[in-house]
Amino acid sequence: MAQVASSKEPILKVVHLKKYFKVSLGVVRAVDDISFEIMPGETFGLIGESGSGKSTTGHVIVGMYAPTSGKIYYKGIDISVPAPKRPRQVRKEIQIVFQDPASSLNPSKTVFDIVALPIKLYKGIKKREELEDEVARLLELVELPPEYYMYRYPRELGGGEKQAVAIARALATEPSFIVLDEPTSALDVSIQAKIINTLINLQRKFNLSYLFITHDLGLARNFTTRLAIMYLGKIVEIGPTERVFKNPLHPYTQMLLSAIPVLTEEEEKLKPRGIASRGEIGSPMNPPPGCRFNPRCPFANEACRKILACIFLSCGLQCRKPCI
Amino acid sequence: MVEEPPLIEAKDIYVGYKTYRGVMKVLNGVSFYINEGEKIGFIGEAGGGKTTLMKTILRILPPNATNVRGQVIYRGKLDLMRISEKEMKRIRRRGLSMIFQDPTSALNPVFKVGEQLMDIIKYSRLEEGIKLSKGELKEEALRLLEEVKLPDPQRVFDSYPFQLSGGMRQRVVIAMALVSARELLIADEPTTNLDVTIQDQILRLINEIVEKRKLSVILISHALGAVRKMTNRTYVLYAGDIVETAESNELFTNPLHPYTKALLEAAPKLTGEGIGKGIPGRIPDYVNPPSGCRFHPRCEYARERCKREKPPLVEVKKGHWVACWLYVKR
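Sequence order for the protein chains is A and B.
Heads up, the first sequence is in the working numbering, so the first residue is -12 and it goes up one at a time.
Heads up, the second sequence is in the working numbering, so the first residue is 40 and it goes up one at a time.
Calculated directly from the structure, the hints in this document are not laboratory data.
Errors might be hidden in some of the hints.
[Said to hold, decoys possible] SDA-like cross-link-like pairs, simulated, lysine to any residue; straight-line CA separation at most 20 Å: (1) A:Lys256 <-> B:Gly320; (2) B:Lys316 <-> A:Thr185; (3) B:Lys300 <-> A:Ile262; (4) A:Lys258 <-> B:Thr292; (5) A:Lys79 <-> A:Ser22; (6) B:Lys300 <-> A:Glu252; (7) B:Lys268 <-> A:Gly145; (8) B:Lys268 <-> A:Gly28; (9) A:Lys256 <-> B:Leu171; (10) B:Lys268 <-> A:Thr185.
Please construct the entire structure, taking both the sequences and the accompanying hints into account.
In structure tokens:
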């Protein structure tokens, strides 16, 4: 039986997680020793540029592959194994919504088939009418009128509607934790706003916890409660969203914030000054020694090139004194 | 003093695309202008016709384009829609250039960057009657790669596109556009798919180059903030119609059209006041576009008249034009 966690306990705990991939030219250190916790009902953001390891982290958490080392705990249960080896109850409770709905939905199935499959698998409902009722209920949750959408094919839907179907499918098993892997990056802002609002409503309704993976800091500002900034497989800063935006500590966070093109003068005032973006993210196959960001950091000194500064997860502030 | 005619003035442009379902009526009578040395922006959702409009000006529409009508007046005298292909080629080579959206597909994967760049330079100069030697071509190519601030031009020159990062590929594409950019540079989503710190660097690069070369710029971007910052004037294009235009500062601080308002509200802000409600529905089907104002099916203020008649573009404030019945005084 699954332990019932009290509200003070994190729903998900990631401890010293590493995920390396062997490739012909060497080893890609996609995720390299990261730790964080997610509380029930919270939206935790994982922010970073491409190549930072944020998506790999999400994929390891849902069990697409096993971690190289480190542990993942869900409600106190060790789930550091691929999904097929996890308890059925846990598999049902952890779901994912992928970045590109055009490729995550089977083009030869109708919306009904797509959403009904997890219901058949996890709820044991077999009768057609019961399945239709359940699919209709789920489509209503994501604001797609079932009478119009139930028997459409993905190609007949717009990008936002497809993503709504993907969310309905994720909800079908009554999860409590959903990994959202850049769910709106393929959509226009007008459609993005609708999807995010739907996600916020669902979270309130079912007390869902989200791991929200994104490269869009403006979106993270408005959607997450806490967040971690990743760079080349490492977390460089972690803390409550409001604090990170008002007082970004890590030079990389400052660089990211200063690079955002903003729409209002009030936003302009929030951007850190004097840290223009330069350089590009390095290769996770051959990360620089010391702080991973040091080749791009305007403040880098000798110590940064040798030793990795540690991060106190408890307060989320960067330790100024490098330690080993 | 005689006022200079605009560099480009497009008047009442219509463009359709033939499909198996019928003709998609995309551009629906679009007019705009750009003065010499001016930077203008186009915003609007994907599928609004921004790229089609740019391709119309440069006369590089795909073969299924149909019912192309309107005028594109170049420097007040030449209608680019009516000149011969040969003349058009000369005008393009002489000064009009475009940076395309996806640097990966704009580059040929089987040729080295240097070869591709040298080819463009070669034919561009031949057009002017100058034949450059291999050495001169290479020199020019390396100079362009340096102008776009690639750290090691010689190495990039000898690389295949797949050996470069997305940001570096985009710099190469910009270098190619610069071969013939002496009057106008059209940047069509130059930073989509790029990370924010790379986007920032690319936009700064484009800005520096246009200042230095005194080019006019048309910037199309999903990054609304980039358009606000980089351009003097902005046009909002929805489903093939210009729905609003004003000086960029005015447009972004004081949007009037319901579409522009909703679009700007939906963009997440760093100040964190939450996310707007977005816009219901999506860009219409161009085979059967909505009657009247093409935005009416998605507009919360839509009235009977909006369904029947297309609203004219009227000047509400000095230099601020809106096409919406809400702003038409009877």
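For the pair we were handed, Lys268 of chain B and Thr185 of chain A, check the Cα-Cα distance against 20 Å.
-> violated, 31 Å
Taking only the CA atoms, is the gap from Lys268 of chain B to Gly145 of chain A under or equal to 20 Å?
-> Violated. Lys268 of chain B to Gly145 of chain A sits at ~31 Å, over the 20 Å cutoff.
Within a Cα-Cα threshold of 20 Å, do Lys300 of chain B and Glu252 of chain A meet the stated pairing?
-> The hint holds at about 17 Å.
For the pair we were handed, Lys256 of chain A and Gly320 of chain B, check the Cα-Cα distance against 20 Å.
-> The hint is violated at about 34 Å.
Would you mind confirming whether the straight-line C-alpha gap from Lys268 of chain B to Gly28 of chain A stays at or under 20 Å?
-> violated, 38 Å
Are Lys256 of chain A and Leu171 of chain B close enough, with their CA atoms no more than 20 Å apart?
-> violated, 51 Å
Quick one, are Lys316 of chain B and Thr185 of chain A close enough, alpha carbons at most 20 Å?
-> holds, 10 Å
Quick one, are Lys258 of chain A and Thr292 of chain B close enough, alpha carbons at most 20 Å?
-> holds, 18 Å
Given the hint that Lys79 of chain A pairs with Ser22 of chain A, does the C-alpha gap stay at or below 20 Å?
-> Cα-Cα ~24 Å, so violated.
Are the Cα atoms of Lys300 of chain B and Ile262 of chain A separated by 20 Å or less?
-> Violated, because 32 Å separates the two Cα atoms, which is more than 20 Å.
Hints 1, 3, 5, 7, 8, 9 and 10 from the earlier list are contradicted by this structure; the remaining hints agree with it.
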